[in-house]
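Protein chains in written order, with my numbering: chain A, 4 to 138; chain B, 4 to 138; chain C, 4 to 138; chain D, 4 to 138.
The set of hints was computed from the structure by calculation and includes no laboratory data. This one's a predicted model, so the numbers in the text were calculated from it and none came from an experiment. Hints may contain errors.
The list treats identical chains as one, so a pair stands whether inside a single copy or across any two.
[What the hints assert, rightly or not] Dumping the calculated DSS-like pairs for lysine-lysine here, alpha-carbon to alpha-carbon at most 27 Å:
(1) K121 - K108
(2) K108 - K18
(3) K95 - K121
(4) K18 - K92
4 protein chains.
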Amino acid sequence: MHNRFDGTTFVTTLKVRDSECDAQGVVNNANYLVYMEYARHEFLEAQGVTFADLVRDQVYLMVAHLEIDFVNSLSGGQVFDVESTVSRKGAKAIFDQRIVRVSDKAVCIRARVEVIAKINGKLTRGEFFDRFMPK
Amino acid sequence: MHNRFDGTTFVTTLKVRDSECDAQGVVNNANYLVYMEYARHEFLEAQGVTFADLVRDQVYLMVAHLEIDFVNSLSGGQVFDVESTVSRKGAKAIFDQRIVRVSDKAVCIRARVEVIAKINGKLTRGEFFDRFMPK
Amino acid sequence: MHNRFDGTTFVTTLKVRDSECDAQGVVNNANYLVYMEYARHEFLEAQGVTFADLVRDQVYLMVAHLEIDFVNSLSGGQVFDVESTVSRKGAKAIFDQRIVRVSDKAVCIRARVEVIAKINGKLTRGEFFDRFMPK
Amino acid sequence: MHNRFDGTTFVTTLKVRDSECDAQGVVNNANYLVYMEYARHEFLEAQGVTFADLVRDQVYLMVAHLEIDFVNSLSGGQVFDVESTVSRKGAKAIFDQRIVRVSDKAVCIRARVEVIAKINGKLTRGEFFDRFMPK
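Work out the full structure, taking the sequences as your base and the hints as a guide.
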């Protein structure tokens, strides 16, 4: 709902739920992966493909490798942008994702997410990703 | 961000994340509590009180009792409204909450959530809730 | 793994993960539903039926109604028992579930969970549950 | 509860909850971080330090960087070991963690997790970690 796309970077705006924070009062690490996956799925949906469609068609997108820097912490109620750009590298789609707090533009997360596509359980060469690449 | 308030009912609009669904392809039950808590916190915040402030001040709002009907299931990507109204009953704030799918207006969840306030670990008589009650 | 069954009450022992607590330092409400669902699935599995089997066979067990008292809070690292008993009422299986902290036997949660079974999308009369009822 | 330590590798055994799986029927990526954090906290606790103690004392352990290979997927009900070894590198504690399915010894996750310690909001040189290092 809160997405914008300038042709290169897809931006999804979200707000931290208090239930996503732990006793330290900041977002638990695992939830940043939730945010980034949500943003990738919004990116797909903006291009006409839903995750539910993919599951039904037995096209399974799976993260194969992930590197992530936790730079600053988000806390309850803060609004943030997930910025995503995508490129292709062999069988993989590479999502470069950043999470930026809206109030002060602080970069909270920098991540590189490598995604593969399996169809009926078989690793594909990534042709599936072609249609999502920037023109 | 996506809230509206007509003076009686506070409405928070959200979208199901695919990670909130389980192998049945629908939202796992526990996540409806997450949605409803988020809506209650948005309601508080709209009136100038954040959950983080409350924790800092050792005012702990806690659900004491919950009844919930699961009427229809939401699935990945669906947009829904959490409708919340609040009233006071003794020491408790009573939130009547419904979750309604936006596309077809199907009621998915009907719940009654009884919340108490503890300050420095002691149960209060609920004076805290007065300022949030509809005038 | 940590289950025991005396013929009437099925007991599942778990430990709170710190990531399940929120900024108040106690388990977020929604997670109690996660614990209770896990215990119900362990109960099924102990009788030879896995959730994955059910999904594959399009037998969908769904919570229709839930009432829950939050009596005491659990916090990070605490060990607790989920005690479950089951009975049949028409089309529903009724699970009475309690969550009890092991260290001091404090009752934390008392819940009544009404479960229905749908097969290929159709509500059943609950025959499915017969085999799980105490003899 | 299910931990063992051979002096070098700390092993925590867990079982996948169905609620941790998504519509693909496998564990959602974010939950592997939950498992690994839980194992690290169990490791600390086995050495006499709980996360709750640390929060109270304003010692905040935070993941600064994480690299993770998703090699095989876990699905509902599967039992797995989280294997953790720790070493020190400057201000960081480095946890090398693997998740291995018990039934067939398949490696599911390989990760390197870099943790820093902040005390009263200030980055430490990591002296805190010394007592946890293998002798």
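So which of those numbered hints doesn't the model satisfy? The structure conflicts with hint 4 only, although it agrees with all the remaining ones.
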